[in-house]
Amino acid sequence: MSKKVAVNIISASKIYAPQKIEDLEEKRIVPKMIIRRRLTRNAKIMLFLADKCAFNGGKIVYASAFGELQSTVGITDAIRNQTQISPTLFQNSVYNSAPSYFSLLNEDKDEIITISSGMKSSLDALKTAALQAVVSNEKVLCVATECLDINNIQEVNNCTTYLEAGAGIVLEVAQDESGAVDMQVLKEEGVIDSLSDLVSLVKMYKNGVRKVFINL
Amino acid sequence: MKAYINAYASDSCVGNTEELMKSIYKQESGITIDISYMPETPVGLGKMQYDDFFETLNSVVATVLEQSNLENFNDTLLIVGSSVGGMQESEEHYFKDKNYKNIDTSRHAISVIAESLEKEFNFCQSRSISTACTSSANALLLAKRLINVGAYKNILVVGADALCYTTVCGFYALSVLSSKACTPFNAEREGMNVAEAVGALLVQNEQTSDSIELVGVGASSDAYHMTNPDPQANGAIASMNNALQDAKLDAQDIDYVNAHGTGTVANDTVEGLGVEKLFKGVYVSSTKAITGHTLGAAAAIEAIISCEVIKKGVIPAQAHLTDAQNKNINIPTQNITQDIKYVISNSFAFGGNNTSLIFGGVN
Numbered sequence: 005m006s007k008k009v010a011v012n013i014i015s016a017s018k019i020y021a022p023q024k025i026e027d028l029e030e031k032r033i034v035p036k037m038i039i040r041r042r043l044t045r046n047a048k049i050m051l052f053l054a055d056k057c058a059f060n061g062g063k064i065v066y067a068s069a070f071g072e073l074q075s076t077v078g079i080t081d082a083i084r085n086q087t088q089i090s091p092t093l094f095q096n097s098v099y100n101s102a103p104s105y106f107s108l109l110n111e112d113k114d115e116i117i118t119i120s121s122g123m124k125s126s127l128d129a130l131k132t133a134a135l136q137a138v139v140s141n142e143k144v145l146c147v148a149t150e151c152l153d154i155n156n157i158q159e160v161n162n163c164t165t166y167l168e169a170g171a172g173i174v175l176e177v178a179q180d181e182s183g184a185v186d187m188q189v190l191k192e193e194g195v196i197d198s199l200s201d202l203v204s205l206v207k208m209y210k211n212g213v214r215k216v217f218i219n220l
Numbered sequence: 249m250k251a252y253i254n255a256y257a258s259d260s261c262v263g264n265t266e267e268l269m270k271s272i273y274k275q276e277s278g279i280t281i282d283i284s285y286m287p288e289t290p291v292g293l294g295k296m297q298y299d300d301f302f303e304t305l306n307s308v309v310a311t312v313l314e315q316s317n318l319e320n321f322n323d324t325l326l327i328v329g330s331s332v333g334g335m336q337e338s339e340e341h342y343f344k345d346k347n348y349k350n351i352d353t354s355r356h357a358i359s360v361i362a363e364s365l366e367k368e369f370n371f372c373q374s375r376s377i378s379t380a381c382t383s384s385a386n387a388l389l390l391a392k393r394l395i396n397v398g399a400y401k402n403i404l405v406v407g408a409d410a411l412c413y414t415t416v417c418g419f420y421a422l423s424v425l426s427s428k429a430c431t432p433f434n435a436e437r438e439g440m441n442v443a444e445a446v447g448a449l450l451v452q453n454e455q456t457s458d459s460i461e462l463v464g465v466g467a468s469s470d471a472y473h474m475t476n477p478d479p480q481a482n483g484a485i486a487s488m489n490n491a492l493q494d495a496k497l498d499a500q501d502i503d504y505v506n507a508h509g510t511g512t513v514a515n516d517t518v519e520g521l522g523v524e525k526l527f528k529g530v531y532v533s534s535t536k537a538i539t540g541h542t543l544g545a546a547a548a549i550e551a552i553i554s555c556e557v558i559k560k561g562v563i564p565a566q567a568h569l570t571d572a573q574n575k576n577i578n579i580p581t582q583n584i585t586q587d588i589k590y591v592i593s594n595s596f597a598f599g600g601n602n603t604s605l606i607f608g609g610v611n
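In the order they appear, the protein sequences are chains A and B. The opening position of the first sequence corresponds to residue 5 in our numbering, with each subsequent residue numbered one higher. The opening position of the second sequence corresponds to residue 249 in our numbering, with each subsequent residue numbered one higher.
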């Protein structure tokens, strides 16, 4: 038993860099410095992608396989060194930090779901976003980011050449299935697998595809 | 299609589901005072007995399979809710080696729980959710919706979190830990107890002789603050209202509110206000006084408690209550025996993430 739904892709965007993504337009997107300073890198990338997708509120499905590594490392270092843990680091360490900052900044009181399904995180996020679109009949932002730019990451990183990356789309349920196509695998060399399904969809969108089938 | 909870099992600091309910009704807390995480600072924690957390996980899921009408999980979707995943193991390596070299990244991630269970039980698919303390509530929310739209017949929802330094010391940094067993809704309360647990519930599209219906689910975001709840309780009320709307019920239909009730000053004040504004005289209590706050597993554990409360027809008293802060809500000081049709269970998390679940008796 499985269900396939046709969804319209309304907008799509992706970004990645070998280390730090240089211009996320933070000052324009988050004018208040006091909030901007607290944002995690995942949050900054997520806000950038939401902006590029012209999404300013509604249901969000966010995905990340490794979540807020920088905050987590800061906490474990503080524990190891027996120094005080920053409360901001701890509040930022949860996997739903990035979409929660979007919610705060945009006064978005709608549902947020965060998926962390390892290397299939963005695929599961797409399935979840399609479900959310089916049950609500609303537009849904589906976005995934990874920020692995921490000291000594080379000790464990064998999965990506881009330490910061993200991809996002806005989707809605299609009124009919005509013209809908199955998702294709359009991998981007070096991008972490946890983002690959969303990256593929963004590339399909850039190639002119506007309607796809997603298995719930 | 309707979603029915047809089997469940759990393990927590007070033991399995039978022991959990005995402890709740006898008001015997599983919280112990611990100095292993912070030698200078005793804190109350809910610690389980295990050699390997993953063996406990397998054992709980095996118990659900045994209780169920299924021969195996080959046609079952697994949805896991967890806030820390494999953090316990990563910390062990990092503190010992002072580098990342021996950390297996696939065993660090949230998905390690689902991947480990998939290997053991061969589920048809899995997905993992991590929205901090609402993780398994959102897993149940998605399970209901997937059943409702006819996408799956069988979904196993697992909530699982093990204790680790990051959460114990992190909550200490926020000054919200209690040095004793927590006292939810009490006027003088110190804070919460971090705890660990595994809870698993089989959600199916067919009713059995022992079903509890997952009648309604609702969620919302506070859009207020990363850790503090909206003081007007608008987010909490929206989440409960959305669940009521999904269930096609009115507030007066609810017999019992199984509160998020962490025992922190901020949570209990706001949740109490939300219950006061939305309900008139409904019984409300928090079972975290017995189990502690099991973070990503909490909603799965409290979903099981809600099912048991309906089946047994006994609303649990609020343990450790001496003087309620909010006198306008109905917090029972003794167990209440009555016919219970509907229970609402709340979960609230960092980021202002709110989820409410409504359970109903059907037999």
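Derived by calculation from the structure, the hints in this document are not laboratory data. Just so we're clear, the structure is a prediction, and the values are computed from it rather than from any experiment. Hints are supplied without guarantee of correctness; some may be wrong.
[As the list claims (entries may be wrong)] Here are the computed distance ranges between Cβ atoms for each label pair:
#1 B:Q315 x A:S6: 18 to 28 Å
#2 A:K215 x B:Q315: 39 to 49 Å
#3 A:K24 x B:Q586: 52 to 62 Å
#4 A:R32 x B:N489: 33 to 43 Å
#5 B:G263 x A:I157: 37 to 47 Å
#6 B:I283 x A:V189: 26 to 36 Å
#7 A:R32 x B:D458: 51 to 61 Å
#8 A:K210 x B:I281: 55 to 65 Å
#9 A:K24 x B:S354: 40 to 50 Å
#10 B:N322 x A:K8: 18 to 28 Å
#11 B:S427 x A:P35: 41 to 51 Å
#12 B:Q493 x A:V189: 16 to 26 Å
[Stated by the list, open to error] Below, simulated PhoX-like cross-link-like pairs (lysine-lysine); rule was C-alpha separation at most 20 Å, straight line:
#13 B:K589 x B:K528
#14 B:K589 x B:K496
#15 B:K250 x A:K7
#16 A:K207 x A:K191
#17 B:K401 x A:K8
#18 B:K270 x B:K559
#19 A:K207 x A:K113
#20 B:K250 x B:K274
#21 B:K401 x A:K7
#22 A:K24 x A:K56
#23 A:K113 x B:K525
#24 A:K215 x A:K143
[What the hints assert, rightly or not] Residues from chain A that keep clear of chain B, each with C-beta distances beyond 10 Å, as calculated:
#25 A69
#26 S97
#27 S120
#28 K124
Think of the CB as a built atom: it goes at the ideal place given N, C-alpha and C, for glycine as much as any other residue.
A quick look at each hint next to the structure:
For the pair Q315 of chain B and S6 of chain A, the beta carbons lie near 26 Å from each other, so the given range of 18 to 28 Å is met. Taking 39 to 49 Å as the suggested C-beta distance range, the pair K215 of chain A and Q315 of chain B conforms, at roughly 43 Å. The hint said 52 to 62 Å for the Cβ distance between K24 of chain A and Q586 of chain B, and at roughly 60 Å that hint holds. About 36 Å separates the C-beta atoms of R32 of chain A and N489 of chain B, a value consistent with the hinted range of 33 to 43 Å.
The hinted window of 37 to 47 Å between G263 of chain B and I157 of chain A holds, with their beta carbons roughly 41 Å apart. Checked against the hint of 26 to 36 Å, the pair I283 of chain B and V189 of chain A fails, with Cβ atoms roughly 52 Å apart. Take R32 of chain A and D458 of chain B: their Cβ atoms lie about 57 Å apart, and the range 51 to 61 Å holds. Distance hint check: the CB atoms of K210 of chain A and I281 of chain B are about 58 Å apart, consistent with the given range 55 to 65 Å.
Taking 40 to 50 Å as the suggested C-beta distance range, the pair K24 of chain A and S354 of chain B does not conform, at roughly 25 Å. Between N322 of chain B and K8 of chain A the Cβ separation comes to about 21 Å, which falls inside the hinted range of 18 to 28 Å. For S427 of chain B and P35 of chain A, the hinted distance range of 41 to 51 Å is satisfied, since their beta carbons lie about 42 Å from each other. A C-beta distance of roughly 40 Å is found between Q493 of chain B and V189 of chain A, which places it outside the suggested range of 16 to 26 Å.
This hinted pair checks out: K589 of chain B and K528 of chain B have alpha carbons roughly 16 Å apart, not beyond 20 Å. Distance restraint check for K589 of chain B and K496 of chain B: the Cα-Cα separation of roughly 14 Å lies within the 20 Å cut-off, and the hinted pair is therefore satisfied. Proposed proximity of K250 of chain B and K7 of chain A is supported: the alpha carbons are some 16 Å apart, at most 20 Å. With a C-alpha separation of about 9 Å, the suggested pair K207 of chain A and K191 of chain A falls inside the 20 Å cut-off, and the hint holds.
Restraint check for K401 of chain B and K8 of chain A: satisfied, since their Cα atoms lie roughly 15 Å apart, inside the 20 Å limit. Between K270 of chain B and K559 of chain B the CA atoms are separated by roughly 14 Å; this keeps the pair inside 20 Å, and the hint holds. Annotation: proposed proximity of K207 of chain A to K113 of chain A is violated, straight-line Cα distance about 30 Å (limit 20 Å). Distance check on the hinted pair: K250 of chain B and K274 of chain B sit about 34 Å apart at the alpha-carbon level, beyond 20 Å; violated.
For the hint pairing K401 of chain B with K7 of chain A, the CA-to-CA distance comes to about 11 Å; that is within 20 Å, so the pair holds. With a C-alpha separation of about 19 Å, the suggested pair K24 of chain A and K56 of chain A falls inside the 20 Å cut-off, and the hint holds. Taken as a hint, the K113 of chain A and K525 of chain B pair is honoured in the structure, with Cα atoms around 19 Å apart against an allowance of 20 Å. Distance hint between K215 of chain A and K143 of chain A is fulfilled; the C-alpha atoms sit about 14 Å from each other, no more than 20 Å.
Not every CB of chain B lies more than 10 Å from the CB of A69 of chain A, the least distance being 6 Å, so the non-interface label is violated. A beta-carbon of chain B is positioned within 10 Å of the beta-carbon of S97 of chain A; the least distance is around 7 Å. Non-interface status of S120 of chain A relative to chain B is broken: a Cβ of that chain comes within 10 Å, the nearest being about 4 Å off. Non-interface call for K124 of chain A relative to chain B: violated, since the shortest CB-CB distance, roughly 8 Å, does not exceed 10 Å.
In summary, the structure is inconsistent with hints 6, 9, 12, 19, 20, 25, 26, 27, 28 from the numbered list given earlier, while agreeing with the others.
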